[in-house]
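Given next are the chains, with one letter for each unit.
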Amino acid sequence: MILVFGGSNQGKREFVQKQFGINRHDMFVCSDKQGISYDNQAIANFNDFVQWLLARGKDPVEYVQSNLHNFKDKIIIIEDITSGIVPLGKETRAYREYVGKVMQLFSRNADEVYRVFCGIGEKLK
Amino acid sequence: MVFLLIGGSKSGKSLLAQYIARDLAADQNGQLYYFATMTPLDDEDRRRVEEHKKIREGWGFATIEEPFDLLKHSNNFNHSDTILLDSLTAYVQNILFSDNDEVNIIGKEDLPLHVKALAKEAGNLIIVSDYIFSDAESFTYEVNRYKELLGYLNIVIAEFADCVIECVSTNVKIHKNIYSLDLSKTIDDFHAQGFGSEIVEI
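Protein chains in written order, with our numbering: chain A, 249 to 373; chain B, 32 to 233.
Hint data in this document are derived by calculation from the structure and do not stem from the laboratory.
These figures come from a predicted structure and were not determined experimentally.
Any given hint could turn out to be false.
Claimed, not checked - Listed below are the simulated DSS-like cross-link pairs for lysine-lysine, each with C-alpha atoms no more than 30 Å apart in a straight line:
| # | chain 1 | residue 1 | chain 2 | residue 2 |
| --- | --- | --- | --- | --- |
| 1 | B | Lys139 | A | Lys266 |
| 2 | B | Lys84 | B | Lys41 |
| 3 | B | Lys207 | A | Lys322 |
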């Protein structure tokens with residue numbers, strides 16, 4: 249498992265394509281409208297999937313914990329939304345904290361962890 | 032040599048950029064230019080500008096105030112000069128939110144070309160930019176466009192820059208240094224000074 253995170257607009261997906269030779273189409277892009285698929289090598293916008301789960305009353309940490317086997321050979325890309333202003337809205341605050349927790353969980357279980365800054369990937373683990 | 036310095040508010044990025052500019056210019060015996068892009072809109076902005084002016088007093092910077100056109104003053108520069116562009120963030124803001132019709136015709140793809148061309152005119156270009164990419168809130172269309180354009184420019188400039196540096200509360204992280212320049216003395220001087228610009232009363 250490889251975790252790639254970074255702020256918005258940092259070129260995370262381009263980094264993954266270049267670094268790991270992943271085809272642009274071999275990437276499942278999560279959104280708040282669709283769930284998740286494990287058919288592709290990389291899963292992008294995982295933070296949107298966290299939001300998708302929360303909107304359906306599901307606990308994202310539990311979900312990741314019980315599906316770790318599905319993520320074993322995947323590259324997971326998450327937008328790090330945890331380092332900005334604390335949101336006023338309760339739901340956005342929960343979203344922010346769950347993304348942080350999920351990032352912890354992936355970090356602990358990943359073989360490699362990268363942070364992307366201005367298109368430059370730094371290996372943290 | 033092209034340097035890109037990025038950091039949050041009050042991270043020390045502008046002051047470190049000043050030290051880098053000073054040391055690069057001393058090596059080349061060229062003129063130091065401070066390329067100011069911010070257009071002050073109110074008293075708070077004006078105080079911010081004054082604060083930055085105070086910080087660079089006596090450093091030998093010739094100041095150029097130009098919000099839109101990075102290449103307008105190109106003829107003045109030569110290859111031994113060092114330009115400190117502060118900041119890319121204000122420049123993007125001017126380009127995106129200007130009422131000036133001429134400004135709006137500059138396309139997204141043109142912006143890095145302008146920065147590249149400016150870098151070519153002078154021996155050294157040091158660019159100061161902001162890190163505004165960690166929020167959980169979603170913003171208006173305009174703000175997202177602004178984040179997107181600044182993020183894009185940061186990435187493209189980081190690609191052709193010789194040195195990319197992140198400042199976090201005056202801590203310095205060098206992300207890229209293709210000539211393995213020894214910046215330790217410059218960074219020591221910066222740390223010895225302590226703090227950059229003061230907080231402006233809002």
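Against the structure, the hints:
{"no.": "1", "hint": "B:Lys139 - A:Lys266", "in the structure": "holds, 23 Å"}
{"no.": "2", "hint": "B:Lys84 - B:Lys41", "in the structure": "holds, 16 Å"}
{"no.": "3", "hint": "B:Lys207 - A:Lys322", "in the structure": "holds, 28 Å"}
This entry satisfies every hint, going by the numbered hints stated previously.
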